[in-house]
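K.L.:
Those sequence lines, one after another, are chains A and B.
UniProt numbering puts the first residue of the first sequence at 1, with every later residue one more than the last.
UniProt numbering puts the first residue of the second sequence at 1, with every later residue one more than the last.
These aren't lab readings, by the way, just hints derived from the structure by calculation.
One or more hints might be untrue.
Since the list gives no way to pick one copy over another, a pair counts as held whenever it fits inside one copy or between any two copies.
What the hints assert, rightly or not - Pairs of lysine to any residue residues, derived as SDA-like cross-links and limited to a Cα-Cα distance of at most 20 Å, are as follows:
(1) 165 x 220
(2) 301 x 226
(3) 301 x 327
(4) 223 x 303
(5) 105 x 126
The model shown is predicted, which means the values in this text are computed figures rather than measured ones.
So you can see what is in the structure, the chains are spelled out below.
Protein chains: 2
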Amino acid sequence: MLTKEKVQQRNWQPIIKQFEAVVGKNGVMQRREELITYECDGLTSYRQRPAVVVLPRTTEQVAEILKICDRYNVGWVARGAGTGLSGGALPVEDCVLIVTALMSKILSIDLENQRVVVQPGVINNWVTQAVSGAGFFYAPDPSSQIICSIGGNVAENSGGVHCLKYGVTTNHVLGLKIVTPDGSIVDIGGELPEMPGYDLTGIFVGSEGTLGIATEITLKIVKVPESICVILADFNTVEEAGGAVSDIISSGIIPGGIEMMDNFSINAVEDVVGTNCYPRDAGAILLVEIDGLQVEVDTNKQLISEICTNNGARTITSASDPETRLILWKGRKAAFAAMGKISPDYYVQDGVIPRTKLPYVLKEIEELGKKHGYYVANVFHAGDGNLHPLILYDNAVHGALEQVEELGGEILKLCVKVGGSISGEHGIGADKRCYMPEMFSETDLETMQWVRQVFNPKGLANPGKIFPTPRTCGEGAKVNTNKNFESIERF
Amino acid sequence: MLTKEKVQQRNWQPIIKQFEAVVGKNGVMQRREELITYECDGLTSYRQRPAVVVLPRTTEQVAEILKICDRYNVGWVARGAGTGLSGGALPVEDCVLIVTALMSKILSIDLENQRVVVQPGVINNWVTQAVSGAGFFYAPDPSSQIICSIGGNVAENSGGVHCLKYGVTTNHVLGLKIVTPDGSIVDIGGELPEMPGYDLTGIFVGSEGTLGIATEITLKIVKVPESICVILADFNTVEEAGGAVSDIISSGIIPGGIEMMDNFSINAVEDVVGTNCYPRDAGAILLVEIDGLQVEVDTNKQLISEICTNNGARTITSASDPETRLILWKGRKAAFAAMGKISPDYYVQDGVIPRTKLPYVLKEIEELGKKHGYYVANVFHAGDGNLHPLILYDNAVHGALEQVEELGGEILKLCVKVGGSISGEHGIGADKRCYMPEMFSETDLETMQWVRQVFNPKGLANPGKIFPTPRTCGEGAKVNTNKNFESIERF
Numbered sequence: 001m002l003t004k005e006k007v008q009q010r011n012w013q014p015i016i017k018q019f020e021a022v023v024g025k026n027g028v029m030q031r032r033e034e035l036i037t038y039e040c041d042g043l044t045s046y047r048q049r050p051a052v053v054v055l056p057r058t059t060e061q062v063a064e065i066l067k068i069c070d071r072y073n074v075g076w077v078a079r080g081a082g083t084g085l086s087g088g089a090l091p092v093e094d095c096v097l098i099v100t101a102l103m104s105k106i107l108s109i110d111l112e113n114q115r116v117v118v119q120p121g122v123i124n125n126w127v128t129q130a131v132s133g134a135g136f137f138y139a140p141d142p143s144s145q146i147i148c149s150i151g152g153n154v155a156e157n158s159g160g161v162h163c164l165k166y167g168v169t170t171n172h173v174l175g176l177k178i179v180t181p182d183g184s185i186v187d188i189g190g191e192l193p194e195m196p197g198y199d200l201t202g203i204f205v206g207s208e209g210t211l212g213i214a215t216e217i218t219l220k221i222v223k224v225p226e227s228i229c230v231i232l233a234d235f236n237t238v239e240e241a242g243g244a245v246s247d248i249i250s251s252g253i254i255p256g257g258i259e260m261m262d263n264f265s266i267n268a269v270e271d272v273v274g275t276n277c278y279p280r281d282a283g284a285i286l287l288v289e290i291d292g293l294q295v296e297v298d299t300n301k302q303l304i305s306e307i308c309t310n311n312g313a314r315t316i317t318s319a320s321d322p323e324t325r326l327i328l329w330k331g332r333k334a335a336f337a338a339m340g341k342i343s344p345d346y347y348v349q350d351g352v353i354p355r356t357k358l359p360y361v362l363k364e365i366e367e368l369g370k371k372h373g374y375y376v377a378n379v380f381h382a383g384d385g386n387l388h389p390l391i392l393y394d395n396a397v398h399g400a401l402e403q404v405e406e407l408g409g410e411i412l413k414l415c416v417k418v419g420g421s422i423s424g425e426h427g428i429g430a431d432k433r434c435y436m437p438e439m440f441s442e443t444d445l446e447t448m449q450w451v452r453q454v455f456n457p458k459g460l461a462n463p464g465k466i467f468p469t470p471r472t473c474g475e476g477a478k479v480n481t482n483k484n485f486e487s488i489e490r491f
Numbered sequence: 001m002l003t004k005e006k007v008q009q010r011n012w013q014p015i016i017k018q019f020e021a022v023v024g025k026n027g028v029m030q031r032r033e034e035l036i037t038y039e040c041d042g043l044t045s046y047r048q049r050p051a052v053v054v055l056p057r058t059t060e061q062v063a064e065i066l067k068i069c070d071r072y073n074v075g076w077v078a079r080g081a082g083t084g085l086s087g088g089a090l091p092v093e094d095c096v097l098i099v100t101a102l103m104s105k106i107l108s109i110d111l112e113n114q115r116v117v118v119q120p121g122v123i124n125n126w127v128t129q130a131v132s133g134a135g136f137f138y139a140p141d142p143s144s145q146i147i148c149s150i151g152g153n154v155a156e157n158s159g160g161v162h163c164l165k166y167g168v169t170t171n172h173v174l175g176l177k178i179v180t181p182d183g184s185i186v187d188i189g190g191e192l193p194e195m196p197g198y199d200l201t202g203i204f205v206g207s208e209g210t211l212g213i214a215t216e217i218t219l220k221i222v223k224v225p226e227s228i229c230v231i232l233a234d235f236n237t238v239e240e241a242g243g244a245v246s247d248i249i250s251s252g253i254i255p256g257g258i259e260m261m262d263n264f265s266i267n268a269v270e271d272v273v274g275t276n277c278y279p280r281d282a283g284a285i286l287l288v289e290i291d292g293l294q295v296e297v298d299t300n301k302q303l304i305s306e307i308c309t310n311n312g313a314r315t316i317t318s319a320s321d322p323e324t325r326l327i328l329w330k331g332r333k334a335a336f337a338a339m340g341k342i343s344p345d346y347y348v349q350d351g352v353i354p355r356t357k358l359p360y361v362l363k364e365i366e367e368l369g370k371k372h373g374y375y376v377a378n379v380f381h382a383g384d385g386n387l388h389p390l391i392l393y394d395n396a397v398h399g400a401l402e403q404v405e406e407l408g409g410e411i412l413k414l415c416v417k418v419g420g421s422i423s424g425e426h427g428i429g430a431d432k433r434c435y436m437p438e439m440f441s442e443t444d445l446e447t448m449q450w451v452r453q454v455f456n457p458k459g460l461a462n463p464g465k466i467f468p469t470p471r472t473c474g475e476g477a478k479v480n481t482n483k484n485f486e487s488i489e490r491f
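Kindly generate the complete structure, drawing on both the sequences and the hints.
P.N.:
See the structure below:
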């Protein structure tokens, strides 16, 4: 690891010269105005300018760059499109930011075996666009899917509205070509769903850039269903909507997705977007998307409507044609943006709870918000129990961010208390590492760090992410301090 | 690692005393006649008697046993029910065999959240039995499901007939309590489908006992579908049946399973079991199980029947009631046993190929069999492209086993050549480690071994499995010899 002393002494010129020899002069950025773009990702409350930005185009260039970093003991952070919400692509002081934006080729499409091989800079939505003509799609669909990159999705194991039925990124990555921090090129997984040997693909997906850089990703694509239908149901209370979610799941139906919005979110969306679909007086709405064979969709639509009615739904609307479906989805898709318009700032939390605890947890979150004096809007993947409480605040108010972070932390602890998790799909990144000891024992975290050491023995790959350290989490935080993993050499 | 010298000198008495202090006298076996049962698993062609067998009942006892092994530098092998087909539970000389048969409690059932927590010795089928009254089942269903244990399923990442739709073991394990070889108790994963941090659950499942022993396993259970239907279609040729498989999958239907049996297997089964269901003159039959809502099953049944007819099916039978379904399945389920009756010995191979290569590969396997002078029967998971060629031979014939292993190896190389894998669901174990370099580069294998070192630094956990060594694979074999992983200490 870098010491402060080394940082101050670093002479970047020979390093940059070597980078330029690999990627050319226009593949390296070091001017202040060029670097500003890269000082944060989607978690805008943390900022740190990198020393230099490098833009490789090939696996071999990535390997050369990492070898240079290894030689000079320089920390590096890989960045896809920079849309992540947990600060996973946040630079650290004196680091190299490796941006995969120019690695944006779809390398091969094999429709017969339902596989697409892409470079990491390929935008999520491009995969679906490339295969939709043949009747396929790429299932993981984060809200940012029109701008986020597959490489970032792999790092954060991204989810989306359709995870409930189709699973998250890890369920759609068959194999990877990765470059490890020492510059080795390693193929993990392959082209088949299951491969012998250790499942390194599983460990790499979601490792938030701490184990290496994926330079080729083999994705599984899925057949577009014959029929899709969106059901909108509105309820007097969040409890009733939560009851409907539980009953739908326990009926055995697996919808593509079940999304919930509370009264605050409904009104925010209607104020800003004006969909005129979501009743402003509803305590909560559910958007349930079902897909499959036409007969299956018809039957499930009826069953879900009955379940919603039995749980107190006031009105139920549904749409099967693409245009009307889009109208029903529009407000949900625009919900985060709407919050940005009605509030100077907002902080998106990401936690998971068992579905059965939905009504209790939403009530508690409301209480926590009141206690701290902030509005908390709830727009989330109800079917997965994946909450996204949006805390509205004004960053210009002195101390507000700290209070909001405290409130966010209390929400996470609540999630853990009821048997849930501190992250559903946004990752731990820089933002949540202090909360890892809430979920994992010291031995559990140590075991993860031993694994990290195998790939990343010098701690150069995405320093300061996932794992808590006393320095960043404050003296009082429960962090494992008995081993200095960052100084351990690989055997 | 043990050296030959140490082996000869080992005084087992103090070690056994310590084991007895942990599990009691009746938890330790060391008499020759007691040990004979444990000298092989389902791969009966390899045999090695362990020095001692220990039967723990709790996580803490497992931890104490592993600490003793660690202290005395004794290699150990964990064994579930011993039904594995790749020699994953094969003892090595002078080792402790840790048998989980007494850890057979179902610890908790949470129907609401669809989770069951079990000890590793719980038999696969017991999980379904425990929850079927409430309308749930445990999906992974290896042929041996009435005798194989969940611990063994976790080690080998077992599959089964229904993997096509439901996935293999790794898709149904949410979390694990494991004991690592140094005796640490670590919780990995949890109760939710996705957890933050590295996916250690994914890496543990399928690691064939080389990373530790799972002592509590949190399984996901699935709702029993409203309707199930089995379709039996017979064809003149394997090629026609293969074409039907491809067309079913590419139609977007995902059946629970698609099984294929060739003419040889059909006749073997009819000779022995006499189902009177499978036409003896058919080149191949397909058994397609579909499940879901009644309307969905009805629609898919019609579509699949049409696809089979278009591919030349001669007759199509189907059954929805449980009794008739069992009759249609009976021959398939008894196929391996039938081979055991018509041939003195048989060797089950396990390889995966892209579905589209089915007709070509089956033809080639037939040619390979002819070349070596052995019958090869094919009974397999056609929907997944997971072949199970059964090579019939007589072990009493001198040299036969070696020839059969050579033929088996050629079949595996063929699988790899067409873009497949050397194991679908039986694991690498002791049997196939020489073929790992056919699939993985030296760097790939090294990376896996670095990970192994983290958990298993002294190489005490299941020695001699998964990874090739020059000693076992012959001088000519392509194995990575440049690093002595077995002698590397953990940091």
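K.L.:
Checking each numbered hint in turn, tell me which of them this model violates, lowest number first.
P.N.:
Violated: none.
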